[in-house]
Amino acid sequence: MNHPTCLRYVHVQMSACIVFSRQNILGLLVAWATLLFLGTPNLATAQTNRDQLSGKLVITGASTLAPLISEIGKRFERLQANVRVDVQTGGSSRGVADVRQGLADIGMVSRAMKDDEKDLPAFPVARDGVGIILHKENPVQALSDEQVIAIYTGKTTNWKVVGGKDATITVVNKAEGRSTLEVFLHYFKLMSMDVKAQVVIGDNEQGVKTVAGNRNAIGYVSIGTAEYDESQGVPIRLLPTGGVAASTETVRNGTFPISRPLHLITRTPPVGLTKAFIDYAQSKAVHDIITQQYFVPLAD
Amino acid sequence: MAESMKKRLNMCEGLAFVLVWGTAALVTATFCWLLGDLVWHGLSHVSWTFLTAPPENAGRRGGIGPILVSTALILGVCLAVALPIGIGTAVLLAEFTSDHSLFGRVTRRSLDVLAGVPSIVFGLFGNAFFCKTLGLGFSILSGGLTLACMVLPILIRSTEEGFRAVPTSYRLSAAALGLSRTTTLIHLVLPAAVPGLLVGLVLGVGRAIAETAALIFTSGYVDRMPESLLDSGRALSIHIFDLSMNVSGGDANAYASALVLVVLLLVINSTVSRLTAYGLQRKIMTV
Amino acid sequence: MTSSRSNTLFLWPTDRLLLWLLRGLAAIAGLIVVLIVAFLIVEALPALHHVGVLRFFTDPSWHPAEGFYNLTPMLWGTLFAMAGSVLIATPLGILSAVFCRYYAPLPLARPYRRLIELLAGIPSVVYGFWGLVVLVPLIGELHPPGPSLLAGILILTIMILPTIALMADASLANVPQQYIRGAAALGLPRWATIRGVVLPAAKSGLFTGVILETGRAIGETMAILMVCGNVVQTPSGIFDPIRTLTANIALEMAYALGDHRAALFVSGLVLMAMIVTLVVSAEWISRGRIYG
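Residue numbers (my numbering), protein chains in the order written: chain A, 194 to 493; chain B, 80 to 366; chain C, 1103 to 1394.
A few of these clues could be false.
[Claimed, not checked] Derived DSSO-like pairs: lysine-lysine, alpha-carbon spacing no greater than 27 Å straight-line: (1) K358(A) / K329(A); (2) K468(A) / K311(A); (3) K311(A) / K382(A); (4) K211(B) / K468(A); (5) K389(A) / K329(A); (6) K249(A) / K211(B).
[As the list claims (entries may be wrong)] Here are a few chain A residues that sit away from chain C, every Cβ distance over 12 Å (derived from the structure): (7) K249; (8) A274; (9) F381; (10) V437; (11) E442; (12) T443; (13) N446; (14) G447; (15) G465.
These aren't lab readings, by the way, just hints derived from the structure by calculation. Using N, Cα and C, we set each Cβ at its ideal position, and we do this for glycine too.
Let the sequences and hints guide you as you build the complete structure.
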């Protein structure tokens, strides 16, 4: 927000304030909003450069990607003072649908593109590994792929069988359609009907909190999230898969077997502002943001 | 015989006493536990900077300034739309419609049905209707209007109960004095119906300010300071949801935001009841 | 309030104006109901068309990716969670309103009411979060896995309690003072007055409160999604995880496409049908006895 707009805004708020102040709480609210506004430091330090882009980009889609793209958008706005990047969430399929209908300029998709979506230009911006997590107090240090399959299909129901304590396993699975579920099932060659779960979850954090609250649970979540939470003392532990330790590092160098790409998509090959933004989101300049949001930048 | 009945009665009284106090204690304890949890985890992060600064690093750092403004604007739009429609409908239902008429029954029942529609359906509806059909896009306006649809049933039904509770003798006396029903309504019935209205308002504001699912699809996710009602703005509850469920490491600020929301609600609720009490007093004194 | 209709045969011009204004406002309210139902039906139509109504109740399971669309376990889940929470919350809510009005000393009554008002406005995600990190592990210690019907019922109870408590409180406040004084003059003790005089006089408000809390219990999404475990199965005990229809919509909408998406809207329709059934049966049961 540049200065003139800011002043006008305050002015409008002030006059609204005077009108309302005698009537009802609305006035109080507005006055309070004004106060907050005055107390807010100016957001953008605009550099006035003539050949700049301007306009508004609407980006919708996967909630996983939203915080990341939101942050990239903010930095992009700082570089291009006349650009507004509006990031909305609602899920990968919403991203695809909105881009197809022209409601959004760019869609965010947190999975590989499906066959009937191949016509949409897709631009990978980052990767996200999917790792198996256990409660920290669970003595099991590693599980073979066969053991994981046995646990998830309900053939193994006690930790004793795989070298743990005598306790019933709580299998935590993801809800139908989630991309982490899809890559997980794909790696272990399972059908979602075969999975016998005790808990079904939506978001990664819900998975982490569920496993952290249950000593006998097994789940799988985004590695970045799990790695961060583990470092913050949340009682969970990432298990290696296929003999490879689960970490953002192994995802980055491509040795970790389960991961998903995070895409930006458009309806037609991007031009102008859209292209500038996608180029920026794929550039090295945002790698620090990607790491900061616990995703893995693409190797170059 | 009388002695034993008295004894039984006394026992009943004693039992009820224990039960009522027990319930109150249980409710208070549960809620203190919940609120205590919020205060415990959130208080250390709340500061003036937190209230005014924009969020940074997806909300893990920085504050909630723009989000508070968006929340206030969304709530403002919601109430500005829902209050007139809600009170109007409630008056029509309670004062001008017979309880047994088809119109009254159907309206009342459809509102009850509306009250049970899950908020996510409201969100998808708001997205399809306000954002797309009416072309408002992801905006504070769309969000406020969607919320208005959502709080209407609560608002109407509890306001209606308020009107219903006003003794018929008020209306009869006014009619006997030759007052028009509009006058009766404004000067006699409305002030007397305020407690019901207040409950509706408190429940409605509570529901609106707490709403997540309906707003994700309508007012949106953008955490920039809104420049107009047509801008997208993130509501506090969405911020809390995003921080606690989508952003790893956002828990501390999620707690702090939830605490701010609770305090905000406390301020709104007490202001509303203060103002109403004050207005009521003046009304009764001047009429 | 039938008499209010006949208390004046004569309507002033302003009254007519007001009446039309009110009708206009009510029409908007009615329109919203119609619009939402129409929206649900339009969105659900592709699934109803491709899958057929019956298969939503007869398919072997809910696996939309493989083309199975059975909603019945979730219907049961919703029903059980709702019934459990309403059964617990209603007496608690009414008793806590009674406490507020007739038992608590004044300096206690006011903060108590404020407390309940606050609880009405805490976002469901906060309840859910609390349930997930506090309640679910507790239940898990008692009887694994933890996320369960019981957790759902408890969280829902806490969430809907303010609705019934506040509605009950308002309707108790509206009971005419004469009734209570009359009862006192007859020498009736406190609880007898409340049971025999106050509660019957307040039944219309209490009934509305129950309807509203039931609606809230059925429609609640985010909190229930976090604590119920979301496994699609008909529960055989309170420690079994369940999935409600609302959680189903919220969990899968983000990634759903085509028939799957439409099937989620069918969940919404089923939910609505359920509410209609409830409301109509409540109306039938209470016919002539509530709005006396």
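Do the hints match the structure? See the list:
Between K358(A) and K329(A) the alpha-carbon distance is near 13 Å, which keeps this suggested pair within the 27 Å criterion. Only pairs whose Cα atoms come within 27 Å are accepted, and K468(A) paired with K311(A) is accepted, the gap being roughly 19 Å. A threshold of 27 Å between alpha carbons decides the hint, and for K311(A) with K382(A) the separation of about 23 Å falls inside it, so the pair holds. Restraint check for K211(B) and K468(A): satisfied, since their Cα atoms lie roughly 25 Å apart, inside the 27 Å limit.
Between K389(A) and K329(A) the CA atoms are separated by roughly 23 Å; this keeps the pair inside 27 Å, and the hint holds. Between the alpha carbons of K249(A) and K211(B) the distance comes to roughly 17 Å, so the proposed pair stays at or under 27 Å and holds. Non-interface call for K249(A) relative to chain C: holds, since the shortest CB-CB distance, roughly 24 Å, exceeds 12 Å. Remark: the non-interface label on A274(A) is consistent with the geometry, its nearest Cβ contact in chain C lying 33 Å away (cut-off 12 Å).
Non-interface call for F381(A) relative to chain C: holds, since the shortest CB-CB distance, roughly 16 Å, exceeds 12 Å. Distance check for V437(A) against chain C: the nearest CB is about 27 Å away, which clears 12 Å, and the non-interface claim stands. Every C-beta of chain C lies more than 12 Å from that of E442(A), the closest at about 28 Å, which supports listing it as non-interface. For T443(A), the condition that its CB be more than 12 Å from all CB atoms of chain C holds, with the nearest at approximately 26 Å.
Against the 12 Å criterion, N446(A) stays outside the reach of chain C, whose nearest CB is about 29 Å from its own CB. Interface exclusion of G447(A) from chain C stands, the closest Cβ pair being 26 Å apart, more than 12 Å. Its beta-carbon lying about 29 Å from the closest one in chain C, G465(A) satisfies the requirement of being farther than 12 Å from that chain.
Every hint from the earlier list agrees with this structure, and none is contradicted.
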